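Protein chains in written order, with the working numbering: chain A, 1 to 473; chain B, 1001 to 1473.
Warning: the hint list may mix true and false statements.
Unchecked claim - Simulated pairs of lysine-lysine, BS3-like, Cα-Cα distance not exceeding 27 angstroms: (1) B:K1382 - B:K1441; (2) A:K307 - B:K1382; (3) B:K1307 - B:K1441; (4) A:K441 - A:K307; (5) A:K251 - B:K1251; (6) B:K1307 - A:K382; (7) B:K1206 - B:K1224; (8) B:K1441 - B:K1251.
Stated by the list, open to error - To be clear about the criterion: a stretch of chain A counts as covered by chain B if any three or more of its residues have a C-beta under 8 angstroms from a C-beta of chain B, and this derived list gives those stretches: (9) 310-320; (10) 385-393.
To be verified - Chain B is faced by these chain A residues, among others (derived, beta-carbon under 7 angstroms): (11) F195; (12) R250; (13) A284; (14) V293; (15) L298; (16) A354.
Bear in mind the hints are in silico, worked out from the structure with no lab data behind them.
Computed from a predicted model, the values in this text were never measured in an experiment.
Where a beta carbon is used, it is the ideal one built from N, C-alpha and C, also for glycine.
Below are the chains, spelled out letter by letter.
There are 2 protein chains.
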Amino acid sequence: MDDLRQDRPGRETGDAIQDEREAADPQAERLRHIRDLLEEDRAAEVHALLEDLHPSDISNILESVDAEQRAALVELLRPGFDAEVLAYLPVDLREDVVDLLEPKEIAAAVAELDTDDAVDVIQDLDEDAQRAILENLPPETRALVEQGLTFPEYSAGRLMSREFVSVPEFWTVGRLLDYLRAAASADESDLPEQFYDVFIVDPMLKVRGAVPLSRVMRARRSVKLNEILTEDIRVIPATMDQEEVARMFRKYGLVSAPVVDGTNRLLGVITVDDVVDVIAEEAAEDLLALGGVGEGDLYRAVLDTTKSRFSWLAVNLVTAIIASVVIGFFEATIEQVVALAVLMPIVASMGGNAGTQTLTVAVRALATRELNEANAMRVIGKEVLVGTVNGLLFAVIAGGVAIAWFRDPLIGMVIAAAMIVNLICAGLFGAVIPLALSRLKIDPAVASSVFLTTVTDVVGFLAFLGLASVVLL
Amino acid sequence: MDDLRQDRPGRETGDAIQDEREAADPQAERLRHIRDLLEEDRAAEVHALLEDLHPSDISNILESVDAEQRAALVELLRPGFDAEVLAYLPVDLREDVVDLLEPKEIAAAVAELDTDDAVDVIQDLDEDAQRAILENLPPETRALVEQGLTFPEYSAGRLMSREFVSVPEFWTVGRLLDYLRAAASADESDLPEQFYDVFIVDPMLKVRGAVPLSRVMRARRSVKLNEILTEDIRVIPATMDQEEVARMFRKYGLVSAPVVDGTNRLLGVITVDDVVDVIAEEAAEDLLALGGVGEGDLYRAVLDTTKSRFSWLAVNLVTAIIASVVIGFFEATIEQVVALAVLMPIVASMGGNAGTQTLTVAVRALATRELNEANAMRVIGKEVLVGTVNGLLFAVIAGGVAIAWFRDPLIGMVIAAAMIVNLICAGLFGAVIPLALSRLKIDPAVASSVFLTTVTDVVGFLAFLGLASVVLL
Chain A
1 MDDLRQDRPG
11 RETGDAIQDE
21 REAADPQAER
31 LRHIRDLLEE
41 DRAAEVHALL
51 EDLHPSDISN
61 ILESVDAEQR
71 AALVELLRPG
81 FDAEVLAYLP
91 VDLREDVVDL
101 LEPKEIAAAV
111 AELDTDDAVD
121 VIQDLDEDAQ
131 RAILENLPPE
141 TRALVEQGLT
151 FPEYSAGRLM
161 SREFVSVPEF
171 WTVGRLLDYL
181 RAAASADESD
191 LPEQFYDVFI
201 VDPMLKVRGA
211 VPLSRVMRAR
221 RSVKLNEILT
231 EDIRVIPATM
241 DQEEVARMFR
251 KYGLVSAPVV
261 DGTNRLLGVI
271 TVDDVVDVIA
281 EEAAEDLLAL
291 GGVGEGDLYR
301 AVLDTTKSRF
311 SWLAVNLVTA
321 IIASVVIGFF
331 EATIEQVVAL
341 AVLMPIVASM
351 GGNAGTQTLT
361 VAVRALATRE
371 LNEANAMRVI
381 GKEVLVGTVN
391 GLLFAVIAGG
401 VAIAWFRDPL
411 IGMVIAAAMI
421 VNLICAGLFG
431 AVIPLALSRL
441 KIDPAVASSV
451 FLTTVTDVVG
461 FLAFLGLASV
471 VLL
Chain B
1001 MDDLRQDRPG
1011 RETGDAIQDE
1021 REAADPQAER
1031 LRHIRDLLEE
1041 DRAAEVHALL
1051 EDLHPSDISN
1061 ILESVDAEQR
1071 AALVELLRPG
1081 FDAEVLAYLP
1091 VDLREDVVDL
1101 LEPKEIAAAV
1111 AELDTDDAVD
1121 VIQDLDEDAQ
1131 RAILENLPPE
1141 TRALVEQGLT
1151 FPEYSAGRLM
1161 SREFVSVPEF
1171 WTVGRLLDYL
1181 RAAASADESD
1191 LPEQFYDVFI
1201 VDPMLKVRGA
1211 VPLSRVMRAR
1221 RSVKLNEILT
1231 EDIRVIPATM
1241 DQEEVARMFR
1251 KYGLVSAPVV
1261 DGTNRLLGVI
1271 TVDDVVDVIA
1281 EEAAEDLLAL
1291 GGVGEGDLYR
1301 AVLDTTKSRF
1311 SWLAVNLVTA
1321 IIASVVIGFF
1331 EATIEQVVAL
1341 AVLMPIVASM
1351 GGNAGTQTLT
1361 VAVRALATRE
1371 LNEANAMRVI
1381 GKEVLVGTVN
1391 GLLFAVIAGG
1401 VAIAWFRDPL
1411 IGMVIAAAMI
1421 VNLICAGLFG
1431 AVIPLALSRL
1441 KIDPAVASSV
1451 FLTTVTDVVG
1461 FLAFLGLASV
1471 VLL
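Please model the entire structure based on the sequences and the hints provided.
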């Protein structure tokens, strides 16, 4: 394990720091306190505590309590409910909380949000709930939200906010400042709560460039915006997939980016806070998919969880039965040399583990585009080589163990040969399977490991028992 | 598989969009073009192409070519080398590129970076390279970078930039604007290239609050900063672990945050673009660790990769041998009923897969803090229940298959009972092992699966063969 640890020396440091933090974790403290107060029916005190909290903290508390306490908390939060709390909740819990409130109350709360958050809160609710809330929104907000919902799920159009600052390029810095000050005092402005760039547009609303606020603030009033604008900015088509948006933000270190329609007209803006969740979810999705589970699993009820996991296990049962059929071919051999039954899982298991290593690297690198058509052959070649070298090493070790255990050099030779064959196959198929699935537009994170396990089990048992039946009988 | 697909309906949409994109992927196009030019020794043309590219794109190209072409490209980039290219490269490749350049050249390039990027580039190099570059930096930059390096690895102090805007609270908006304009035209300013908040400090440099730029721009010149500052901001201790910083940025949707020392004095600022990488790496680290590989695996040479994976496989070999020893106890039983050898991998494999499902959910939820002491017992209870229900279902299926295959109801009963026992254990230990490791401050992503596989293999073989030896003989 030493080498593995060297790969991430930060862990120790991280955990030490985390340790200090946990010793006096104010959030766990607070949660315990609120739970105690709820149990003693001291609602007024809970209410006072909640009032000072960030919506994200309130959503955390709603996540951590049971359904009864959650209902009690929502009751307390009801007057002037802050819809941002909904935006921070996991989807499953969001539905539960929405069910506890009246559509009118939710609509009033949602109307206060920027359009991107409003769309985010509404899009995952079921259709009836969506309609009920939309009907209660002010007409203008409703139109913007409904437009947002016309974009495909997981597209840039769903992520963008419709509130942004766009001005013509002939404006000066002074005129921009005057405009923003006037809009702010008019109070009925549709200025975003927070923004980071001013977008420069032509009369047709086509994006010409952007000026970051920090650059505006450094420029004198007389400076024209077209003198300080950046023309070479990343513009996002509204139909772009959100993972691609996230990759772009990460790649270019963006904080906000304009979203445009097919004719390059400015539709909205995506800010990094919306993208951060997508970035975090991207890798998490692959992790869960490789483990054979779906998202939101933690919050599902027992029967829902059982159902969603059942299908994955059923697929694996088929794989296991195929492996058993292979073993079945060699019943006569095993009957004569029972030691084979004892040793055979070793070959299959080592193949499975070696293959999973390759598979994990390949799935991750495909997701980040580090692995692509351009270097696919090189990666496959490398994996086969790694499999060969490790195959040789473990052939010696496993062969030695088998000889020491069963006092039979032939059994040692058989397990050694099978180990080499299976570890080479593991490297080859661990790389080829995800690449092939990705080419076929099937998510490699979801489907790769079933195919891989089938290969390493079948090859493992076939090589070991097949060789044994030739050499030993 | 249907249920799994329902869990992430976005995949299809995403892949369809990706498909369009790939059809005319300008980056793959460009890469191919550059490779062709390199092979034909048309350096001038390559140079012209590279000149217009973002540093992130150049780093991508360096990643995708082989070592020889990389050296040729670095030679072209040499005059006025942009150190941001280094910041975007994966650590292993960064060292290769650094080796191709003179310390003086790198120092000149690094001096142009903000301190956070300078520290980022230098920190992962080996000590000799670090010293050589530091010695060639201008004294002031060198002092800031060396200070940055005194903070623990993976801490906020390493992530922060020392360039920020901080002003006293009695200033007005007008004075702030005049100050920024004057600093900008003095040109020798240490203003950051980009900033999003102005920090308000007292005479002791203690942080009193922050004003987002978009709020400054909406306020008239006469407005005092202390009238518009936000006092309740998230302040980051320099020693905070970077994963905790990332969690905070994500949780509160931050774009920048002040970093302070133990006495709350302002030291620097962390911006979201630095955090985005940490967020993305956090989940990726767990994914790779669960798969038994380290980071940067894709770029390692064959022998390094082999070595780093060997240790994980060696641990798994021990696990596999333990399982074999268990099988060895029942050699006599298997000799009499060979069908047992055929069927036994099914029970172990189903236990392993079911346990991995639970394990994946638990490891992920521990990383996001969704799973913690407060709900640990509830999650364990749920997993045992899910294991029981799926155990019952697969007992019926596997029992049926065994009876149909070997025409022996007793074998069917034995596999059914063993399946129930193993799937309950899988759920129990799939949740308990990562929780226990996390309590012991051992990274659950790295170590959980070895322990789990040992449990599900041993319990699987023991339950199946043990029951068989009682019932069948």
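request  = Kindly indicate which numbered hints from before are broken by the structure, ordering the numbers from low to high.
outcome  = When the structure is compared with the hints, none of them turns out to be violated.
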